[in-house]
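Protein chains in written order, with the numbering used here: chain P, 1 to 427; chain G, 1 to 427.
Derived by calculation from the structure, the hints in this document are not laboratory data. Any given hint might turn out to be false.
Claimed, not checked - On the chain G side, residues computed to face chain P include the following (Cβ under 8 Å):
(1) H30
(2) R71
(3) L83
(4) D85
(5) G89
(6) F196
(7) R197
(8) N200
(9) L400
(10) V404
(11) A414
(12) G416
(13) G422
All C-beta atoms in this analysis are idealised placements derived from N, C-alpha and C, irrespective of residue type, glycine included.
Residue-level listing of the chains:
2 protein chains.
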Amino acid sequence: MSAASTEPTRSSPRVVIVGAGFGGLTAAQHLAHTPVEVVLIDRHNYHLFQPLLYQVATAALSPADIAAPIRHVLRQQKNTTMLLDEVVGVDAAARQVELREGGALGFDYLILATGSVYSYFGHADWPRHAPGLKSIDDATDIRRRILLAFEKAETTHDADAQQRLMTFILVGAGPTGVEMAGALAELARAALAEDFRRINPRAARILLIEAGPKVLAGFPQKLADFAADSLRRMGVELLLDTTIEAIDAEGVIANGKRIASATVVWCAGVEATPAARWLGAEAGRGGTVKVAPDLSVPGHADIFVIGDAALVLDRHGKPLPGVAPVAKQEGRYVAKLIAARVMGAPTARPFRYRDQGALATIGRSSAIADLPFIKLTGWLAWVLWGIVHIYFLIGFRNRLSVFVNWAWAWLTYARGARLITGEKRAD
Amino acid sequence: MSAASTEPTRSSPRVVIVGAGFGGLTAAQHLAHTPVEVVLIDRHNYHLFQPLLYQVATAALSPADIAAPIRHVLRQQKNTTMLLDEVVGVDAAARQVELREGGALGFDYLILATGSVYSYFGHADWPRHAPGLKSIDDATDIRRRILLAFEKAETTHDADAQQRLMTFILVGAGPTGVEMAGALAELARAALAEDFRRINPRAARILLIEAGPKVLAGFPQKLADFAADSLRRMGVELLLDTTIEAIDAEGVIANGKRIASATVVWCAGVEATPAARWLGAEAGRGGTVKVAPDLSVPGHADIFVIGDAALVLDRHGKPLPGVAPVAKQEGRYVAKLIAARVMGAPTARPFRYRDQGALATIGRSSAIADLPFIKLTGWLAWVLWGIVHIYFLIGFRNRLSVFVNWAWAWLTYARGARLITGEKRAD
Chain P
1 MSAASTEPTR SSPRVVIVGA GFGGLTAAQH LAHTPVEVVL IDRHNYHLFQ
51 PLLYQVATAA LSPADIAAPI RHVLRQQKNT TMLLDEVVGV DAAARQVELR
101 EGGALGFDYL ILATGSVYSY FGHADWPRHA PGLKSIDDAT DIRRRILLAF
151 EKAETTHDAD AQQRLMTFIL VGAGPTGVEM AGALAELARA ALAEDFRRIN
201 PRAARILLIE AGPKVLAGFP QKLADFAADS LRRMGVELLL DTTIEAIDAE
251 GVIANGKRIA SATVVWCAGV EATPAARWLG AEAGRGGTVK VAPDLSVPGH
301 ADIFVIGDAA LVLDRHGKPL PGVAPVAKQE GRYVAKLIAA RVMGAPTARP
351 FRYRDQGALA TIGRSSAIAD LPFIKLTGWL AWVLWGIVHI YFLIGFRNRL
401 SVFVNWAWAW LTYARGARLI TGEKRAD
Chain G
1 MSAASTEPTR SSPRVVIVGA GFGGLTAAQH LAHTPVEVVL IDRHNYHLFQ
51 PLLYQVATAA LSPADIAAPI RHVLRQQKNT TMLLDEVVGV DAAARQVELR
101 EGGALGFDYL ILATGSVYSY FGHADWPRHA PGLKSIDDAT DIRRRILLAF
151 EKAETTHDAD AQQRLMTFIL VGAGPTGVEM AGALAELARA ALAEDFRRIN
201 PRAARILLIE AGPKVLAGFP QKLADFAADS LRRMGVELLL DTTIEAIDAE
251 GVIANGKRIA SATVVWCAGV EATPAARWLG AEAGRGGTVK VAPDLSVPGH
301 ADIFVIGDAA LVLDRHGKPL PGVAPVAKQE GRYVAKLIAA RVMGAPTARP
351 FRYRDQGALA TIGRSSAIAD LPFIKLTGWL AWVLWGIVHI YFLIGFRNRL
401 SVFVNWAWAW LTYARGARLI TGEKRAD
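All chains should be modelled from the sequences, with the hints used to inform the complete structure.
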C-alpha cells in the first residue's frame, strides 16, 4: 500500500539518498537546482557534525550545538523530502529501496551514503563495556559513564574500587582517541579539579592504548610526535604496540596484563555499513563497496556509494580516509554527475580527491595541522582548527552557540554540559 | 562499614540536606559561612531550573542551558560536600539518613527538600502514556515524542493515523500546561511550519484539558482570561470542566468522549515525595508534611521540611503554592535558623512568606504577571518574565547561552534543540 501511494507517476527523476551525514547531505544540497525529486532518508532527524562529537562526550558542548535538524537545513529546498526511516535493503533490479517503516520506495538514481560503524573485530560483548562514539546517544552515554565514575569514586570507601573508577581507558590512538584523551585530561585536571572533597580528580589515570607503534598513524611522523609529547605532558599514559585481548566489566586485558577500569571507550577500527551486502557488490577492506572511477557500483550505473561506505583509491592506489572532506567532495561529484545526466550532458571525468589537509586537536591551545604546503603545531594549529570547525558547523545558531561555549570554557576552564542524564534507561 | 568511615568524630555539627532543588540548594548556600559541615544529597548531579523545563520539552533550549552541576555551583563552599545518592529512609531516633548506595549517614540537623512528583490519582498505567515534566530525562523524552509524532505523520499514508499523530493533548491547565500549550503551538505554527512536505504542521491540534472551570486557577480572573484568550488565538483548544477518564496508547477518554492522540503530556496534580512516611509525621494534602511555624517537624526540633514536600499555611490558612520562591525563602529561613542555633543565638520568629508575585508565559511576546501592586499582561509581562528567568538562572554561562538561544529563536522562529534522541532505549 505504502509503496503504491508513494508512487504517483513521477514527473521528474527521483534521486534517493540514504544517509544524511556529510556525503549524503552535500549531495542533496547540490541537487537543489536540478529538475529531480530528491528523497533523503536517515534514521535520525539530525545531521551530526561528528568531528566534535567527542566534545559532547567530555561535557564541553551540548548535543544541539553539533547537530542540526535535517528538515530545517533543507527547508527551502522544495524539490527535497526528508524521511525519518531506515533502509534495510536495496532491490537493484526493481530499482527500489526497502524501508523499515515506509515499505518500498522506487528510485531512478540511488546514492548510498550510509557511513561506517565501529568494528569490534568479532567480539560481540565488547560494545557493552566499551561503547564507541558514533551518535548523540553514544556521546551522552559516554559522558554519563565518565561523570558517574568520578561521582562513584567520591562516594566509595573502597580504595581498589576508587582506583578502578578513576582509571579511564581509550582504545585506539587515531584522531578520536587522541582528541578524547586530551579532552578527558583537561576535564579531570581543570574542569573537575576543585569540585570534589574526597577524591582528587587530577589523580585520574587516562590511558590511551594503541595496537600500532605510534599515535595518529595517518599524520606525518613529526606531527604525530608532537601530539604524543603533548598528551604525555598532559598526563595521558600512552601504551603503544599494545593489543587489547579482553574487555569486560572490570576493565581490559592488554598485552597479557589486566588493567582495572570502570570506563573504557572504543576509538579503534571501523567497518562499513551493509551497503555492499545489499547490492551483492564486491566488498573491500572493512565491508566497503569497491566503486568505479565515477563512484557508481560496477554493473549499476545509476547506483552510487560515497563516504565511509565506499572504497575509493587515490592516485597512489591508497584508499581515501573516512573523513568529512572526502565524503563531501564525493557527494558534490555525484550530485553534479546526476545533474549532468538528467540535463543530457553526461560527463566522463572520474572523481578525484583534492586533499585540503588534516587537522587534529589535542587540547587547550594545542593542535596539529597537516596542510598541503605547510605543517603546523601548537597554538596556531589550534586557532586554525577552531576557525575551520566553527566555519563548517551547519547553521548560524550552532556556530554562535559553540563559539560562546568555547570562549567561556577557555576563559574559565569550566564545562557547561556536565549533566548525567539517562540513568534510568541505561544498562 | 560505610557508615563508620563517613563518621570520624565530627568537629562541627553536620547539616544533611536532601534534595538540591531551589529549597535545598538555597539552604546549602546560606550555610556557607556557618561553622557546620554541610552534606547535600541529590539523585542527580545537576540543579535543575525547573520553570524552564517546558522549553527543553519543546526544543527551544538544551538541557545544559537550564541545569548546572551542583558540585560546580558549590565548588568554592569548602564546608560543603555533595553526594550523588538517593535517600531511602530516615531514622529520626538514631539521627541518620539511609542512602541507597552509601549506607547510613548521621546528622545533627536534617533538611528534607525532596520536592514533589506527578500524581496520577492511582492510575498506574497512565505515566507510561502521559509522561510528566519533572526531570531532564522527562523533558527529552517528551521532546522525542512530540518531534517523532510529526515525523511519523509525514511518513504514514493512513489518514486516521495521521490525524492521531497530529493531535497533542496536555492534561492540566496550570502554569506548566499553559506554557507547554503555548510553546507547542508556536513549534507547530512557526518553527516546523515550512519543514515538511506531506503534512502541514500548522494543522496540528493542540488540546489543553482542564478538570476545573478555568486556566491558571491560582491567578486573578482577569489574568487567567487574558491567558485563555491568548491561547485560543494561538489555536489551542481549551477543554474546561473536562475530566480525563482514561489514558492509553490510542489517546484519552475525556467526559466520556474518546480523543485519539499519539502524544499526551501530564501537567496535572502533584504529590509530595515520601518525606512524611520516612518520618512517620502527619501528612497533609498530597502527602506533604505538616510542619511547625519554624518549618521543623513536630516532635523533631532538628528536622526541617521545606519546599513542595512541606505543608505551610499562609496568614489566611491557605497552603503556600509549590513554586520556587516559596522553596527558596524556606531554605534561607531554615539555614539562618540553624546558623543561629549553632552560634547559640536561637530565634523564635516563625517563617513568613513574602509574596513577590507570580508570572506565567503563554508565548512569543505574551505573558501575565500578578505582582503585589500591579497586574500586567502581554508584551511588558513577557519582557519581565524573560528578565526574571534569565536573572535567576544558575551560572553566568547558562544565562548567556539562554539569552543567545532565545534571541535567535525570537528573531527567526527557529528551534535550535530539535533533536530526537534516546530512541533505542525508549518504550
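Could you check the structure against the hints above and give me the numbers of any it violates, in ascending order? The structure conflicts with hints 1, 5, 8, although it agrees with all the remaining ones.
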